[in-house]
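Student: Taken in sequence, the protein lines are chains X and W.
Counted the way this note's numbering counts, the first sequence spans residues 15 to 408.
Counted the way this note's numbering counts, the second sequence spans residues 15 to 408.
Hints are computed from structural coordinates only; laboratory data are not their basis.
There may be inaccurate statements among the hints.
Unchecked claim - Covered by chain W, per the in silico footprint, the following chain X stretches (three or more residues, Cβ under 8 Å):
#1 48 to 56
#2 81 to 89
#3 96 to 106
#4 303 to 311
#5 315 to 327
#6 332 to 340
Stated by the list, open to error - Beta-carbon label-pair distances, calculated as ranges:
#7 W/S100 - X/K318: 16 to 22 Å
#8 W/H316 - X/R181: 52 to 58 Å
#9 X/D133 - W/E170: 54 to 60 Å
#10 W/H138 - X/K95: 56 to 62 Å
Unchecked claim - Straight-line Cα separation of at most 27 Å, BS3-like style, residue types lysine-lysine; simulated pairs:
#11 X/K302 - W/K95
#12 W/K95 - X/K318
#13 X/K95 - W/K318
#14 X/K95 - W/K302
#15 X/K252 - X/K236
By construction, the Cβ of each residue, glycine as well, lies at the ideal position given by its N, Cα and C atoms.
2 protein chains.
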Amino acid sequence: MVTFSIQHRQDPGEARVGVLETPHGVIETPTFMPVGSLGVVKGIDPEELHRCGFGLMLSNAYHLYLRPGHALIAGQGGLHKFSGWSGAILTDSGGFQMVSLSGLCQVKEDGVEFASHLDGSRHHLTPELCIETQLALGSDIMMVLDECPPYPCSPEQARDAVHRTTRWAQRCRMASQGVSNGLFGIVQGGVDKDLRCRSARDLVDIGFDGYALGGLSLGEAKPMMFEMIETTVAELPKDRPRYLMGVGMPEDLVEGVCRGVDMFDCVLPSRHGRTGWLFTSTGRVLIKQAQYARDESPIDPHCKCTVCQRFSRAYLRHLFVSNEMLGCRLNTLHNLWYYGTLMAELRAAIQANQLQAYCSAFYAKRQRASVTRSAEGRASSDDLSQKHATVVSA
Amino acid sequence: MVTFSIQHRQDPGEARVGVLETPHGVIETPTFMPVGSLGVVKGIDPEELHRCGFGLMLSNAYHLYLRPGHALIAGQGGLHKFSGWSGAILTDSGGFQMVSLSGLCQVKEDGVEFASHLDGSRHHLTPELCIETQLALGSDIMMVLDECPPYPCSPEQARDAVHRTTRWAQRCRMASQGVSNGLFGIVQGGVDKDLRCRSARDLVDIGFDGYALGGLSLGEAKPMMFEMIETTVAELPKDRPRYLMGVGMPEDLVEGVCRGVDMFDCVLPSRHGRTGWLFTSTGRVLIKQAQYARDESPIDPHCKCTVCQRFSRAYLRHLFVSNEMLGCRLNTLHNLWYYGTLMAELRAAIQANQLQAYCSAFYAKRQRASVTRSAEGRASSDDLSQKHATVVSA
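The whole structure should be built from the sequences, with the hints applied where relevant.
Tutor: Here it is in structure tokens:
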């Protein structure tokens with residue numbers, strides 16, 4: 015059983031603080047889910063996820079179906095026991111990964127035919143098999159199989175994908191009758207407001223425990239993404255969690271929360287960690303830069319994470335330049351802590367009816383740092399804070 | 015200041031339990047030093063080294079001289095502060111690495127000319143620069159610059175290397191006058207007993223805080239290595255620590271301890287961890303093998319490490335097969351714990367005058383498992399325990 019209850023609404027606005035109750039723990043929303051496609055966030059121990067403040071991990075049914083196989087995991091007592099993660103698990107169905115990772119992918123009415131990105135073996139994933147896989151994994155929250163067209167796509171492609179996503183969602187709903195696992199629908203519709211509304215209404219008619227916004231952050235402009243969020247959220251029931259899939263940068267989380275999104279997932283904190291892109295309250299630190307070679311300060315002087323308490327930028331740069339595994343790990347740990355802390359701060363701001371003040375301060379810190387960097391001749395053009403400041407004030 | 019005192023001697027035999035006092039902690043011997051050439055054991059947090067029972071880490075002056083540079087580390091407050099490792103550090107001089115890693119290496123009387131394995135830049139490392147580097151790093155125990163000829167080598171090459179090692183040791187001793195850091199000499203001599211004796215006596219005449227046995231485990235047969243250990247140890251003062259460099263497998267540590275060795279270092283627990291070779295009380299587990307795909311048991315049911323308490327062989331195999339970084343980490347953590355525990359057990363056995371009984375049980379467990387594996391048709395020929403059982407009973 016997955017239940018959602020709203021604890022407090024920011025007035026005016028859509029932002030809210032809620033509680034998502036699952037068989038593996040209670041999660042306060044808005045929340046961010048770190049991505050552990052294979053049951054593990056790359057390089058990170060499940061205990062460390064808890065310490066970063068996360069109660070819900072995202073895994074991927076497509077990846078685990080292919081390797082080691084959902085039946086094997088079921089035989090090991092399910093994904094929680096197998097992976098050692100005692101928190102809750104949401105599994106993405108993998109519709110997006112089938113298209114993006116596998117070769118020779120063909121979407122048909124019955125399901126998706128694809129070749130494994132691992133060994134080229136042929137598979138046929140139907141909505142029913144998708145649910146069977148997620149049940150075998152023991153997901154707390156399952157996602158329907160959806161069709162996620164690329165961006166940009168033709169109006170016909172977007173429309174067909176919405177209709178097929180609805181039909182598949184209906185079949186997933188049927189296939190999961192009688193089980194207590196949560197099931198979320200996925201709104202598609204590209205960047206077409208009417209299609210987004212149609213998709214949302216169709217899914218609400220079927221009825222799900224929560225609703226995801228899929229097919230965003232695929233290359234469309236940020237204002238377009240925010241418009242789609244607003245349009246979709248307006249069609250969704252207020253008493254169900256809203257999950258913005260695959261998003262995003264810290265600024266995107268802030269903007270999403272302001273627009274009523276309750277859940278996010280993204281590979282950025284872990285992937286950027288591995289490439290040495292570190293998130294801080296004043297913008298990013300690219301740890302490989304020569305300017306950090308002798309920098310004795312921590313990544314972020316205001317950060318309370320285990321990395322910032324113990325290691326200097328100079329040492330982290332040494333690890334990065336030496337291609338040392340511990341560097342990937344420490345960077346990822348810091349970034350996860352940053353994301354966990356950001357969400358906790360957003361929740362506290364909503365509870366205190368201070369979200370607008372929080373957002374202003376959030377952008378002001380980035381803006382000041384950007385201006386300073388610019389004055390010092392550093393890479394200000396890469397800084398995203400100015401662009402986002404425009405968005406939030408629009 | 016580094017001091018060594020013997021707490022207990024096994025009688026009869028050479029094995030002893032001692033205490034090595036350094037400015038960064040007291041280390042009980044016999045001890046094993048995990049290898050953190052760059053100031054870090056690959057993928058492992060310094061806090062985890064402490065938890066595995068290690069108080070002394072090995073780093074490498076050659077590697078750190080090249081990158082990030084000893085002057086940079088000195089500017090950061092030394093290697094302890096830079097790396098976040100609060101325990102003691104022994105730095106190898108890197109004579110071995112210069113020959114094995116760098117191109118165009120030329121050993122001359124003044125020092126070693128070599129090309130960096132990183133960027134091909136030319137360097138000239140003298141005994142004096144070698145000490146300067148290790149002083150800059152802030153090593154608790156420095157090693158002299160030695161010449162380590164390959165195995166096999168001609169009698170002339172072995173003899174010349176011994177004489178040059180002695181002359182360089184004298185220069186290192188001179189260069190470190192007035193400093194409180196410990197300095198160890200390195201006995202060379204290949205597999206020639208007379209040369210080993212000569213080298214040991216020459217170094218003892220100069221006088222060091224401890225004596226290392228270099229140039230072993232380079233491909234010579236195990237009985238030959240043990241003979242060289244016995245020959246060398248007989249020439250060394252009983253009140254100084256003896257350090258067997260770059261060794262080795264668990265059986266080698268047991269045999270070394272029985273022969274009076276106090277300190278070991280080796281990349282095996284970390285390197286084998288990354289390749290999925292796991293040490294257990296009954297022999298190795300190669301985690302990639304298909305037989306572990308559904309194996310719900312821990313790596314070693316008798317192991318108390320954080321990995322064996324939480325993860326199954328099936329999950330570790332999944333991580334390994336998926337090339338997942340956490341797998342390298344967990345495997346390495348388990349192997350380090352195994353080595354740390356083995357040394358603690360050896361110390362306890364000596365204290366209790368039970369070393370022979372401990373060794374018998376150590377080999378018997380491996381032997382039984384090997385016989386069982388053999389009866390089951392598994393790879394018994396790879397099992398090393400039988401060979402070593404022969405050595406210890408000889």
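Student: Now tell me if each hint is right for this structure.
Tutor: Here's how the hints hold up against the structure:
For the segment 48 to 56 of chain X, the stated coverage by chain W holds: 4 residues have a C-beta nearer than 8 Å to a C-beta of that chain, and at least 3 were required. Only residues whose beta carbon comes within less than 8 Å of a beta carbon in chain W count, and the segment 81 to 89 of chain X has 4; three or more means the coverage holds. Only when three residues or more bring their CB closer than 8 Å to a CB of chain W does the claim for the segment 96 to 106 of chain X stand; here the count is 3, and the claim holds. With 3 residues carrying a beta carbon less than 8 Å from a beta carbon of chain W, the segment 303 to 311 of chain X meets the three-residue requirement, and the given coverage holds.
Under the rule that three or more residues need a Cβ within less than 8 Å of chain W, the assignment of the segment 315 to 327 of chain X holds, with 3 such residues. Residue count for the segment 332 to 340 of chain X with a Cβ under 8 Å from a Cβ of chain W: 7. That meets the three needed, and the coverage hint holds. Separated by about 20 Å at the C-beta atoms, W/S100 and X/K318 satisfy the suggested range of 16 to 22 Å. The supplied range of 52 to 58 Å is met by W/H316 and X/R181, whose beta-carbon atoms lie about 55 Å from each other.
Between X/D133 and W/E170 the Cβ separation comes to about 55 Å, which falls inside the hinted range of 54 to 60 Å. Between W/H138 and X/K95 the C-beta distance comes to about 58 Å, which sits within the given range of 56 to 62 Å. In summary, the hint linking X/K302 to W/K95 is supported, as the alpha carbons are separated by about 20 Å, within the 27 Å threshold. At most 27 Å may separate the alpha-carbon atoms for a hinted pair to count; W/K95 and X/K318 meet this at roughly 19 Å.
Proposed proximity of X/K95 and W/K318 is supported: the alpha carbons are some 19 Å apart, at most 27 Å. With a C-alpha separation of about 20 Å, the suggested pair X/K95 and W/K302 falls inside the 27 Å cut-off, and the hint holds. A C-alpha spacing of about 24 Å is found between X/K252 and X/K236, which places the hinted pair at or below 27 Å, so the restraint holds.
In this structure, none of the earlier numbered hints is contradicted; all agree with it.
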